[in-house]
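Asks: Single-letter residue listing:
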Amino acid sequence: MRPVQASDALLEIDGLTTHFFTREGTVRAVDGVSLTVPAGKTVCVVGESGCGKSVTARSVLGLVDEPGRVVAGEIWWRRDGQAPVDLARYGPKSEEMRRVRGGEISMVFQEPMASLSPMYTVGAQLVEAIRLHMPLDREQARERAADLLRRVGIPRPEERLDAYSFQLSGGMCQRVMIAIALAAGPALLIADEPTTALDVTTQARIIDLIHELQAETGMSVLFITHDLGVVAEIADEVVVMYLGTVVERGGVDEIFHDPKHPYTRALLGSIPRMGAGTGQRLATIRGNVPHPSDRPSGCPFHPRCGDAVAGLCDRSDPPDVRVGPGRTARCVLHENADLIGDDGQLGAEEVQR
Amino acid sequence: MTMPILDVRDLKVHFPVKAGFIGRTVGHVRAVDGVDLTIQPGETLGLVGESGCGKTTLGRSISRIIKPSTGMIGYRGTDGTVTDLAALRERELRPFQRQIRVVFQDPFSSLNPRMTLRQIVGEPLRANGIATGSELEDRVADMLARVGLSPKYMDRYPHAFSGGERQRVNIARALILGPRLVIADEPVSALDVSVRAQILNLLRDLQEEFSLTFLFVSHDLSVVESVCDRVAVMYLGKIVELAETAELYASPRHPYTEALLSAVPRPDPRLRDVGRRVRLTDDLPDPSNPPAGCYFHTRCPYAVAGVCDVSGQGPVLDGIGPGHHAACLRSDELSLAGVASELA
Amino acid sequence: MLRYIGRRCFYMVPTLFAISLVAFAIIQLPPGDFLTAWVTRLESEGEQVDPAMLDGLRQRYGLGEPFYAQYTKWISGILFHGDFGESFEYGRSVSSLVLDRLPWSIGLTVFALLFTWIVAFPIGLYSAVRQYSFGDYLATTIGFLGLAIPNFMLALAMMYVAYSVFGLSTSGISPLTIGIAVVVLGTAGTAGMIRVLRANLLDELKKPYVVAARARGASEKTLVIKYPVRMALNPFVSTIGWVLPGLVGGEVIVAQVLNLPTTGPLLFSALRTQDMYLAGSIILIVSVLTVIGTLLSDILLAWLDPRVRLGYR
Amino acid sequence: MTSVLPDADASVTGDPAGGDETGGRRAATQRRLVWWKFRQHKLAMVGLVLIACIYLVALFAEFLAPVSSSTFNSEYTYAPPQQLRIDSDAGLYVHGYTSTVDPETFEPTFEVDKSQKIDVGLFVKGDEYELFGLIPWDRHLIGPEDPDQPMYLLGANRNGYDLLSRMIHGTRVSMTIGLVGVAMALILGIILGGMSGYFAGKTDTVIQRVVEFFMSIPGIPLWMGLSAALPHEWGPMQRYFAITVILAIIGWTDMARVVRGRFLSLRNEEFVTSARLDGSGRPRVIYRHMLPSFTSHLIASVTLSIPAMILAETALSFLGLGLQPPVVSWGVLLQDAQNVRVLATAPWLMIPGLAVVIAVLALNFVGDGLRDAADPYKK
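First to last, the protein sequences are chains A, B, C and D. Heads up, the first sequence is in our numbering, so the first residue is 1 and it goes up one at a time. Heads up, the second sequence is in our numbering, so the first residue is 1 and it goes up one at a time. Heads up, the third sequence is in our numbering, so the first residue is 1 and it goes up one at a time. Heads up, the fourth sequence is in our numbering, so the first residue is 1 and it goes up one at a time.
In short, the hints are calculated from the structure, not lab data. Careful: at least some of the hints might be erroneous.
[As the list claims (entries may be wrong)] Only part of the chain D face toward chain B is listed, based on derived beta-carbon distances under 7 Å: (1) Ser99; (2) Asp127; (3) His289; (4) Pro292.
In this text, all values refer to a predicted model and were calculated from it rather than measured experimentally. Heads up, the beta-carbon is just placed ideally off N, CA and C, and yes, glycines get one too.
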């Protein structure tokens with residue numbers, strides 16, 4: 001095991017490995033992921049389908065469904081002022097884990113409608129969340145619930161407490177989910193594609209809301225998304241994932257303006273930019289995203305990579321190279337960057353002997 | 001100016017809301033509520049809006065998957081004759097459905113899992129009696145190659161392919177009849193980012209190669225900007241703004257368009273606090289009971305009481321510049337922000 | 001909610017009408033008219049029939065008139081006078097005969113339904129929560145067996161064991177026979193119920209709202225009991241609708257085997273002797289009761305489920 | 001994508017530029033995928049083998065049964081089952097019976113007499129029959145070497161009928177009545193359910209109400225009423241046919257519901273819309289595009305409703321309202337076991353019930369397996 005390095009790291013995931021043991025074989029959904037969430041910051045995990053970003057998020061709270069299991073790695077969680085604890089050691093059904101869930105770390109999901117039970121009122125579910133972690137009676141909890149709804153921008157909160165999820169719009173439901181997540185004043189909010197199912201106008205407001213709440217409460221946010229636009233809007237730091245591994249980590253400006261990993265570069269090149277006008281020809285990444293169950297050997301990106309070196313990238317796992325302060329890229333192109341120093345400006349060409 | 005290939009006039013699609021034992025009609029959802037639209041040959045017209053705005057229904061009624069309630073869909077054939085597709089019966093539509101084809105959103109449910117690529121792509125040829133046997137096979141192989149799929153996979157079933165590949169199959173199926181107009185209903189929104197660009201480029205290449213006209217339905221404004229020549233913005237079953245893409249994105253004239261554009265997250269952290277932020281409330285009005293006056297006034301930041309909410313005096317889509325139309329009662333007074341101005 | 005109940009009651013009308021038609025058709029099905037058959041039989045037994053009485057009867061049932069006229073006579077008698085006709089076999093009015101036995105039938109059915117629930121609920125719950133455990137397999141196996149064993153076989157087997165192993169008497173009303181009847185009837189429904197509950201619960205347990213509840217720190221017990229069970233209860237309640245007809249039908253056979261004084265054996269003997277007014281009336285009454293039971297289950301469902309209650313479905 | 005399993009959207013990726021390594025699965029037809037999935041279901045495979053055996057028994061009933069279904073020996077009333085024994089010298093044999101007559105009722109009671117040996121042979125000559133109704137033959141798989149000696153491997157009933165033989169003969173009726181009934185229910189169900197699902201609207205509403213009606217009335221009293229109303233003078237064949245019709249009338253509703261549900265959900269599938277836009281005519285859309293998509297589901301539901309038919313027939317016949325002797329079915333055989341006192345003296349009369357249970361179980365297993373395998377693309 002490794003001690004937590006950065007003192008301001010609230011959550012440090014180290015070598016997290018989550019596998020799904022299906023009848024057809026083992027799917028290595030998350031394969032040695034390491035990332036850090038500093039206190040008060042927003043870290044975005046970005047990647048395409050099957051990259052393991054959601055499974056990573058769920059692994060933190062032990063929410064991976066059967067037949068998935070965290071098989072290795074550590075999840076260091078630092079409560080304020082206390083020695084860090086390894087969440088990976090808590091059983092998914094243990095009392096300790098339950099106290100963390102919702103109390104210290106909250107989670108918001110992709111489908112706000114489906115995340116609320118249609119059988120109970122919104123208020124009942126909010127009150128439940130409050131009373132799970134706070135010693136309040138029903139009356140007080142209800143007051144707090146109304147407060148929370150007001151804080152997430154729901155008009156007429158007292159009335160809305162008695163509404164059912166199916167009576168609210170998707171955006172409203174997501175606000176309720178955020179209110180539930182805030183119930184016990186968590187230190188970390190994990191948002192798993194919270195805006196994917198919403199319209200672009202609603203998405204903007206939900207992102208604003210999370211932004212505001214973070215500024216207000218000082219909580220950290222681990223934001224999972226596939227949308228680079230959203231990342232640019234909200235992230236302080238970015239973790240780019242591809243097929244179960246972290247391919248690049250860094251500050252948001254560095255990732256967007258100085259991407260190191262070929263995948264990050266290709267991904268940024270393939271999204272249309274607003275204002276660039278009609279007829280822009282998009283850069284493409286060849287091939288398709290493979291299913292996690294048939295992951296290529298060596299670097300998982302090598303079959304689609306323009307810079308792949310035959311005989312190298314398809315054979316051995318690429319090293320995780322430190323390419324700058326707080327930056328890593330998992331690519332042979334940067335293998336020597338460690339020696340060169342922390343300037344992080346080393347171009348791919350220079351390394352390609 | 002050339003003659004439009006498609007001229008839609010006052011098109012309405014109303015879905016009855018039924019209730020009770022015998023299914024009495026108690027109201028109508030006005031999914032498409034009086035749309036006027038022309039599409040020029042060779043152009044790509046984008047149709048954008050929030051979910052539930054009626055853009056998909058409009059696309060489906062033009063391809064006559066749905067029968068429109070009233071209105072006209074004037075289609076100009078190669079010989080210059082205009083036919084009103086809205087008035088035709090199913091049998092009479094056949095020849096036109098060869099010329100107007102659809103690419104669906106979901107690459108999974110749009111391919112019959114029990115048919116091979118050969119059968120799927122060849123079905124239009126077979127059904128229209130155009131080709132059979134080895135000729136059909138040749139044409140299918142040729143078409144697959146053009147959309148970037150190896151013909152040697154012709155006898156495989158859809159489940160063996162990824163989303164992007166399936167979407168190529170869908171495109172091949174749509175194009176094999178040599179259509180003139182293709183209605184693409186969110187063709188890339190179910191795809192991964194890295195595959196999306198491939199499909200968008202492919203659509204563009206094929207448009208040039210076969211001189212196609214596209215009606216491109218999408219909720220993704222950045223995708224629409226990159227592929228469309230003109231864009232129509234829909235809100236609650238009506239078109240609220242229509243303009244050349246560059247014009248619309250640079251200087252929108254409808255508050256709804258401004259809000260949509262401002263809500264799109266821009267993939268550049270340096271633009272984070274640049275530009276005007278317009279935020280709409282979440283609640284889309286009930287399309288079976290739209291608000292009085294301008295449908296948008298309930299969410300519009302510029303709405304003026306007594307002007308925008310007067311029953312029976314809703315705005316109409318007016319020309320306000322060359323090729324630029326907007327349906328806003330206050331479009332002359334407002335100065336709205338677009339995107340281009342913010343680019344560094 | 002009231003509107004829902006009103007609508008639901010309104011839906012029942014055509015069903016009830018159709019049931020009465022079928023029941024009447026069954027009365028009419030046997031060849032010849034029943035009066036002639038009855039007279040023939042009485043005469044063959046050496047009894048004399050009063051022609052005046054025959055005429056009266058003919059008048060009353062509208063024999064010789066067209067089907068719809070006979071039907072109208074029959075149904076208006078039932079609706080306005082509670083007159084279901086006469087049983088020739090017993091020489092009593094059908095309504096008094098049926099009334100004697102109906103409480104037993106209803107009691108048996110209700111108890112069997114309760115048995116079904118009480119047994120099926122915990123087992124189904126356990127099976128779903130401990131999917132693929134030994135207990136789950138056991139429950140599934142028993143469920144399959146319950147589906148495969150005909151009611152009367154089970155009744156016979158239990159009677160055989162009681163009689164020849166324990167030397168108990170197994171005919172007529174006794175706690176034993178009634179117990180056997182309840183268990184036998186209940187078992188058939190239980191098997192199906194367990195499967196339904198298990199399948200529903202497994203579906204529900206995978207729903208995002210369960211994950212969301214878990215993520216906010218709800219205990220595993222709450223997760224199962226509070227959320228999915230509440231949802232899974234819906235189909236469970238609505239299963240009353242399809243369990244009830246089966247129960248009522250099964251009751252006929254089981255009561256016959258056990259010789260219980262319910263409507264079942266009465267129907268059976270009526271059918272054998274072609275005492276068609278009695279038979280038709282029993283079919284009518286039993287069917288109507290079933291339909292009412294289904295209605296009750298629907299109302300219960302609406303009361304349980306806010307989506308139905310608030311008209312969102 | 002909500003799925004936590006990382007299968008999200010890219011189910012199986014076929015790299016367009018090569019990738020034949022797992023070509024087998026990728027080029028597989030749906031039928032093949034269903035079969036692969038079905039094979040993993042062990043109970044279903046056991047069920048399948050059992051069902052195959054039972055239908056083979058039905059097919060070769062005359063040969064497999066020691067005697068014909070009408071052969072009886074009134075001397076051996078309620079003779080108990082004999083155990084088939086094997087001896088290195090004598091080969092197969094069974095013990096004979098001794099009888100004692102009750103002095104009061106004059107009813108004989110039989111006991112197996114260990115001192116007697118009755119030789120049993122394979123492929124012995126016995127009652128003449130026509131195999132498949134065509135080939136006259138007189139060989140039976142098993143039987144006493146001397147046809148006059150008693151052999152009751154599963155005992156005899158009140159009239160001295162051999163239960164084993166009658167059960168084997170009964171297989172044919174019991175197992176076919178389900179098939180015929182289901183076939184009729186299927187046709188009714190497909191027509192009405194299909195109409196309901198394809199045309200929707202008013203047609204659907206009306207058909208739905210009819211289905212609801214049939215589902216809300218208790219079936220058994222209705223069957224009883226209908227079958228009691230069958231004319232007494234009808235022959236066995238007419239009766240057999242009438243009973244299947246009655247079973248089908250009750251059983252079609254499930255079929256109709258399944259078919260309707262499938263049609264409704266498929267009608268809005270994009271591939272069906274696509275087929276329409278491709279210019280395929282309505283019949284082709286229905287038969288080539290829609291029907292194949294749920295045949296496997298349909299087969300599963302059919303398999304699951306045969307047992308219900310078998311059970312219904314058994315119950316009706318047991319009550320004496322279904323098939324009547326001389327037709328032999330398992331239900332008819334169980335008529336002998338109406339009464340506890342009879343059962344106490346001759347418990348073996350319940351054995352045909354065991355056959356019912358096994359057949360129904362096996363069919364349920366197969367149906368369950370099919371249902372699970374019907375959608376091979378779903379995990």
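Asks: Which hint numbers doesn't this structure obey?
Replies: 1, 2
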